[in-house]
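Q: Quick mapping for you: the protein sequence lines, in order, are chains A and B.
Using our numbering, you'd call the opening residue of the first sequence number 1 and step up by one each time.
Using our numbering, you'd call the opening residue of the second sequence number 1 and step up by one each time.
Hints were generated in silico from the structure; no laboratory data involved.
Hints may contain errors.
As the list claims (entries may be wrong) - Listed next, the in silico DSSO-like pairs over lysine-lysine satisfying Cα-Cα at most 30 Å (straight line):
id	chain 1	residue 1	chain 2	residue 2
1	B	346	A	49
2	B	347	A	43
3	A	49	B	347
4	A	114	A	43
5	A	86	B	216
6	B	216	A	119
7	B	133	B	81
8	B	78	A	86
9	B	40	B	78
10	B	364	B	78
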Amino acid sequence: MSEVKYSKEHEWIKLDGDVATIGITKHATEMLGDIVFAELPEKGSSVEKDGTAGVVESTKAASDVYTPVSGEVVDTNQAIVDDPSKINQDPEDSAWFFKLKIKDPSEMDTLMNKDDYDKFAKETSA
Amino acid sequence: METKKTSLYQLHQDCNAKFVEFAGYQMPIQYSEGIVEEHKFTRNHSGIFDVSHMGQLFIYGGEDLIKDLEKIFPLDLKNLKLNHSKYSFLMDKDAGIHDDLIITKTKEGFLIILNAACKDNDFKILKEFLGDKYKMVLDENRSLIAIQGPKSSEILNDVINGVKDLNFMSGNWFTFENQKVYITRSGYTGEDGFEISIVNDFVDQLTRELINKGSKLIGLGARDTLRLEAGLCLYGHDLDKDKTPVEANLKWAISKERISKGDFIGSDIIIKQLNFGVSKIRVGIKPEGRIIAREKTKIFNQSDVHIGEITSGTFGPSVNGPVAMGYVENEFSKKNTKVFLEVRGKKHPASICSLPFYKKSYVKGVN
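Work out the full structure, taking the sequences as your base and the hints as a guide.
A: What follows is the structure in structure tokens.
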């Protein structure tokens, strides 16, 4: 299994073979506040790198969730739709959003590693 | 213009508040526990809200003032008991709402609590109307805090003895550290609670004492989810100059006595609307499922005709689901009418429902 990578839109992505698991970062959940609604892409649909692939809403506002790489949606996490507060509790593990069969592994190279992301998150939230 | 800070700014910082600019003030939107926890804590225990940005207008006068204010507000102020409060509005001649407010009769005259974003304009309108006949003070030296929730009466009474004997929508002068504080049993959450007007120099001490007794500071975020569950309007969203009190479904707040006589600003339109009905009206809207329909969401009927718009919508933590209110054409305003809400390009089913979403628990019969 490869290392976890991060996008500027605050998604994390973990690649296992040609299937990537994607969710939003802890930093993102802290900025959003209490998440009370989640919408996920449809299984079987295709999503394009940096395109919209879902929505999360806090009590205050709605935010789009983007996909950091292109691919076909092979699984979605119904548990976070049924109880969106799980996203605040465990954003970078059990509260993943969707799994993609990725189209182009080289897209992974455009993303940040953990150190770079932490620095990026700190700078953009200051 | 530089944003103003309330006298509780330091305390908000000490409690790790996240701030937003609201009506020209730096106000706490939430603290470290977050909106949902703050909301639930208020419903189950007791929460303190800094509402010092709101206007506290004192108008001094007697019989003449009552007569003059009755030309402005659709209230029977003559028969309003001393230290009793009423919800009302400042309207224009077309009955458009310039502000909604709480007016209390005091020994010295009247105390009117105004929305922060409207207070300066309200003062101008009232000054124009009343002239220099009465002393009018939009008091910047006083802060205003609300303490809301089932434990609030006990907590506040521990600090300021006697408040527990107040009835809902009535008030009185009390003392705290030799300072005169005016306290009313009222609020904006649907819970039992109080609003406390106190000089700026003592509000920090009072608030810290209430926190020591077990209450907690609550931000504007939870204030919004609480008031929406309670079915209460927010000015600038659910109410504005293009809406009348009859359209806003607030005719209960207009005195029947005054309607029969007319003679207040906007009375012609109000009487006409009461007799002949309105084309649009404010309703509660319950989306099916979990989809949240926010302000400006379009409402459609079952034949896909656009019939109205959401004016407030969020997730209600105590209802544990989405809640909203908005205006629809009158013929679609009946309870249980099926409607559709357009969110992110898709139409989602919802139904018209009665307000509030969460049952109010006001204390009415203390004495």
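Q: Now look at each hint and say whether the structure bears it out.
A: Evaluated hints:
As the CA atoms of residue 346 (chain B) and residue 49 (chain A) are separated by approximately 23 Å, the hinted pair is consistent with the 30 Å bound. A hinted pair counts as satisfied when its Cα atoms are at most 30 Å apart, and residue 347 (chain B) with residue 43 (chain A) qualifies at roughly 21 Å. For a cut-off of 30 Å, the pair hint linking residue 49 (chain A) to residue 347 (chain B) stands: about 27 Å separates their Cα positions. The hinted pair formed by residue 114 (chain A) and residue 43 (chain A) meets the criterion: a straight-line CA distance of about 28 Å does not exceed 30 Å.
This hinted pair checks out: residue 86 (chain A) and residue 216 (chain B) have alpha carbons roughly 25 Å apart, not beyond 30 Å. A threshold of 30 Å between alpha carbons decides the hint, and for residue 216 (chain B) with residue 119 (chain A) the separation of about 34 Å lies outside it, so the pair is violated. Pair hint residue 133 (chain B) plus residue 81 (chain B) holds up; C-alpha atoms about 23 Å apart against a cutoff of 30 Å. Under the criterion of a C-alpha separation no larger than 30 Å, the hint pairing residue 78 (chain B) with residue 86 (chain A) is inconsistent with the structure, at around 56 Å.
A threshold of 30 Å between alpha carbons decides the hint, and for residue 40 (chain B) with residue 78 (chain B) the separation of about 40 Å lies outside it, so the pair is violated. A C-alpha spacing of about 22 Å is found between residue 364 (chain B) and residue 78 (chain B), which places the hinted pair at or below 30 Å, so the restraint holds.
Hints 6, 8 and 9, counting from the list given before, are not met by this structure.
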